[in-house]
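Enquirer: As a plain string of letters, each chain reads:
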Amino acid sequence: MALSDVIRVGLLCSTSGSTALLEQSQWRGASLAIEEINARGGIDGRELIALHYDPASDPAAFRELAERLILQDGVNVIFGGYTSTSRKAMLPVVEKHNRLLIYSQQYEGFEYSDNIIYSGASPNQNGVQLADFMTEAYGARVYFIGSRYVYPYECNRTMQELLLQHPEGAILGERYLPLDATRDQFAQVVADIRRKSPDWIFSTVIGATVPYLYDAYAHADLDPSRMPIGSLNTSETEIHAMERGIAAGHYTAAPYFQSVDTAENHRAVRHHQSRFGANTPTDMNWEAAYYQMHMFAEACARAGSDEIGAIMSHLLGSEFAAPQGRVRIDPVNHHMALYPRIGRANADGQFTILRESKFAVGPDPYMTRQTLGDWVTKLSTRDY
Amino acid sequence: MNTRADRGQRSLTSSFLERTARVVVFHPDDDDGQTLTNHLRRMGFQVERCWPPTDTLPERTDLVFRALLPEERAPKSEWSGPDAPPVICVVSYENPTFIDQAIKMGADGIVTTPIRASGLLSTVVMALYHAKRSRQHTQRIERLEQKLLDSRHLREAKGILMTMHHVSESEAYDILRAQAMEKRVTIDDICHSVIQAGEVLQIARGVASEDGREKE
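Order-wise, the sequence lines are chains A and B.
If you use my numbering, the first sequence corresponds to residues 1 to 384, in order.
If you use my numbering, the second sequence corresponds to residues 1 to 216, in order.
Since the hints were derived computationally from the structure, they do not count as laboratory data.
Among the clues, some could well be false.
Listed below are several chain A residues computed to face chain B (Cβ distance under 10 Å; list not exhaustive) [what the hints assert, rightly or not]:
#1 Ser84
#2 Lys88
#3 Leu91
#4 Glu95
#5 Phe110
#6 Glu111
#7 Arg148
#8 Tyr149
#9 Val150
#10 Tyr153
#11 Glu154
#12 Arg157
#13 Glu161
Note that the Cβ used here is the ideal one computed from N, Cα and C, for glycine as well.
In isolation and in its complexed conformation, chain B is listed as follows (with noise of 0.2 Å):
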């Protein structure tokens, strides 16, 4: 049964070679810079080898190699932020102070000179993977973020008509939606029109609104 449902699902490693990925390799054109992007090519990524590494990357940049000298003791990590690429270091010595480096510039996978063809796909597709969930984390915790905050903003927004026209919660709700509805617009910018009201009436009211905040 289990072979069936098997059968039926994609394979990620596949979905993310087919997607013939755009890979910037920046290492020195030597052995390993030449190997590196053979093989790169060989498993069908659209490659772009320089050196010294540059600023700014190429548009729809989906990857990128990076090789740590150990001349440079610490190289800056030129595109770090939300929508950068996942790197994978390549680095020369497999000792602390260059995986140590290679975690603080934000990499997302290592790859140890003499670079080999094998393990690469692997490190690719797993750099690949990892970059793609913690996006989608990435995502998901803003959408929760501002669901706590649209949550609070109801909360208050019911507040406020629940001392103005002493209404219950549900009828405060009922007001809300109804002028969402109304205006078509969502009930958060009905609680943000509400919240800025209220707090324009609080200042025109002054104690009295000390008051209604004491009764509660």
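Excised from the complex, chain A in its bound form (with noise of 0.2 Å):
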């Protein structure tokens, strides 16, 4: 009976590599979630453990120890990744298995697993809005630069179909750079970027080097109120391992920032602080492990098991009051329906946020019924 006192699930948060920096942020917000299940009895009363390795942001890790997760630690449910090669690479192990795996982070959309949720933004939740928001306030002749994988690709040609449909819409250069580029290999695009000198700069760089880029960018004497940088994952967390100011007037679309003003978040973002330190920022990762840990305990309770056959459909249309505000796992496509907001940086390394919507916006994976603008209907436009 010792094992069955305890529900143990695996989490795979990398402490090393180039996305370790937020894979440590999902981990906060994992555990924090834990945390908080446990203090409340944990799930009817039976404690909820994660079992943490570090997967040293290795593709093949995450397959290995997914494997390992489930064929030696007997685990049933797995959480983590934050690349979509880390997602992709885990997929068959949870196929062939038939376990859950609950992926909480945004990415470029265009997959569906009955074993996965995909509990990050989708892109017709940051992207759109992304879109709309610069090409409105800057133009629509746009420089792409990203990481070289999958995620920037797909979410670059997204971005490009979306700015086409704009009558002055332009893509004045598309670079992409390894995961572990330098500080110089951006100093050159920045150059690049100055010369073509576009409206905006749209950013998929990803983890470590994102930084380097608003580094090189202030270092090159740009100026944020003339030709911005706008990404869908540039996050407190990244400018908190930056210079202090240096990522200030540029723009983030995201469903979550620590800023955000809702009950539900001060309360988490106290406990949090209390837990890790008030230095220590909360970011879009970090709110969606914490509420997908939550959705999963609450599931895991109503279902008596974490069996995938038994929990999914507990876990499919179910709500829940997370920091961004009420969310909800779609039942056809198994993303998420979020809050889709605009900020823009600010000197304190906080977002200021200038558009959010009223509503959650239904998750469409597959991008298709998205045109440039009309989710202006969907958004409520806010002054702070």
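Take each chain as given, in its own frame, and dock them per the hints.
Expert: Structural data, given as structure tokens:
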């Protein structure tokens, strides 16, 4: 009986490698939720325990460790994955053994698996909004810079399709740098950006190299009020890793920022700060990992089991009062209904929220009904 | 009554399978590469796997599988051309970026990783079938274009004979046909000779030919 007394889930968050910074934020969000769940008496009196392994930002390690969690540790549910490459590495493992993977990360869309819940933003919940806001405020002549892998390729393609619907839409450059690129390589791209002088820069730079881009930009004396960077992934955590103030004036579209003004967020951020220190920011990665763990625990309690066959019907269609607002797992496509927001980084490393959706926007991971400009009906303008 | 007709028909699928098609698989030697080659062998194909892709294909290749890696952004289409075998691309991400890339490479089909045995035969047969149909269509179009050209030559040659010898159209045709039979060549060959001769005569006659054209 000893084993069935606790519920063990797998948690794969890298502590080293190119995306460790963000995966540590996921780990804090998941761990905080587990503490809260256990403080309330666990899942129907059973303690929730996370078995954590470090995949070191390596997709092959994600695959091996997912298999180890299932075969050796007997885990039914795995949380984790930042890059699409790591998710894709785990997909065949969870499908083969019929286990559940909860992937708490926004990504480029165009995927579905019976064995995965996709709990970050779909491209219609951040990219569409960013394209619309930025073209309205700055123009549609855009320079693209990203990391060299599938997320930036596909994300840029989606963004280009939106921009080219605009009468002045133009792609002034498209550059990809490896996930372990140097600061110097970014300086060269920024020099090219300066020459081409776009209206704004769309960044899909990922992980440890994000600060290099903003740093190279700041040192090239470019002005964010005239030619800002827009991103879907640059969060409080990346900004925290930069020199103070250099991200100020640049934009990010995401369903969550630490500055979101809800009672749930204030409470969760307070708990987070008491646990990890006032200087450690929360971010979109933290929040998605946080609400997903809570949603899992609630579904597990209702199902009385963490086996995929039993729990899936309780996860699908379920809702939760998350820090960003009341979110819901779409029963058809396994993605989330979320609240798109546009934030502008301020001097304190936080985001000033310029626009946010009043209602949850349903996920459209295959981008079947997205056109530039149609989202304004879904968002309210808000002055802070 | 229909059942009898059906019984008499050959299965298209087994006709592809019976040919023990020679398949080249350009795929890294990983789980997917192995699943793919093993299952193709299971289905009776003659399979060779290698990575990276080679610039030329072995003789008599019937089908090519080609992995599109996320890291290579714009692979060149190595074996295009009218006689090239059909290509099935293997993609890891079933999104527009990679689907477009496969189409640009001239792919006749796409399979997605993780590779599964189920679905593979259908994709292979459809790719071979469509490639065969497309080859037949290309040949048919070539034949029709040739016919179109032949009939233009015939019209032209008849016109020359009609103005030079003052004969009717059917008489002109009879002359051409008689010549072809006598010399044991096609009517089109005779037309060519007449047109060439006509050109020479036209140069010689100079202005006269323009008068002739005006009369028409």
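Enquirer: Compare the structure with each hint and give your call.
Expert: Quick rundown of the hints versus the structure:
Look at Ser84 of chain A: its Cβ gets to within about 7 Å of chain B, closer than 10 Å, so that hint holds up. With its C-beta approaching chain B no nearer than about 6 Å, Lys88 of chain A sits inside the 10 Å limit, and its interface hint holds. Because the closest C-beta pair between Leu91 of chain A and chain B is about 7 Å apart, less than 10 Å, the hint holds. About 7 Å separates the beta-carbon of Glu95 of chain A from the nearest beta-carbon of chain B, less than 10 Å, and the hint is met.
Among the interface hints, the one on Phe110 of chain A holds; its C-beta lies about 4 Å from the nearest C-beta in chain B, closer than the 10 Å criterion. Look at Glu111 of chain A: its Cβ gets to within about 7 Å of chain B, closer than 10 Å, so that hint holds up. Among the interface hints, the one on Arg148 of chain A holds; its C-beta lies about 7 Å from the nearest C-beta in chain B, closer than the 10 Å criterion. Because the closest C-beta pair between Tyr149 of chain A and chain B is about 6 Å apart, less than 10 Å, the hint holds.
With a cut of 10 Å, the hint placing Val150 of chain A at the interface with chain B holds, because the nearest CB-to-CB distance is about 5 Å. Among the interface hints, the one on Tyr153 of chain A holds; its C-beta lies about 5 Å from the nearest C-beta in chain B, closer than the 10 Å criterion. Residue-level restraint check for Glu154 of chain A holds (minimum Cβ-Cβ distance to chain B is 5 Å; threshold 10 Å). With a least beta-carbon distance of about 5 Å to chain B, the hint placing Arg157 of chain A at the interface is held under the 10 Å criterion.
Checking Glu161 of chain A against chain B by beta carbon gives a least distance of about 9 Å; that is within 10 Å, so the hint holds.
The structure is consistent with each of the numbered hints, conforming to all of them.
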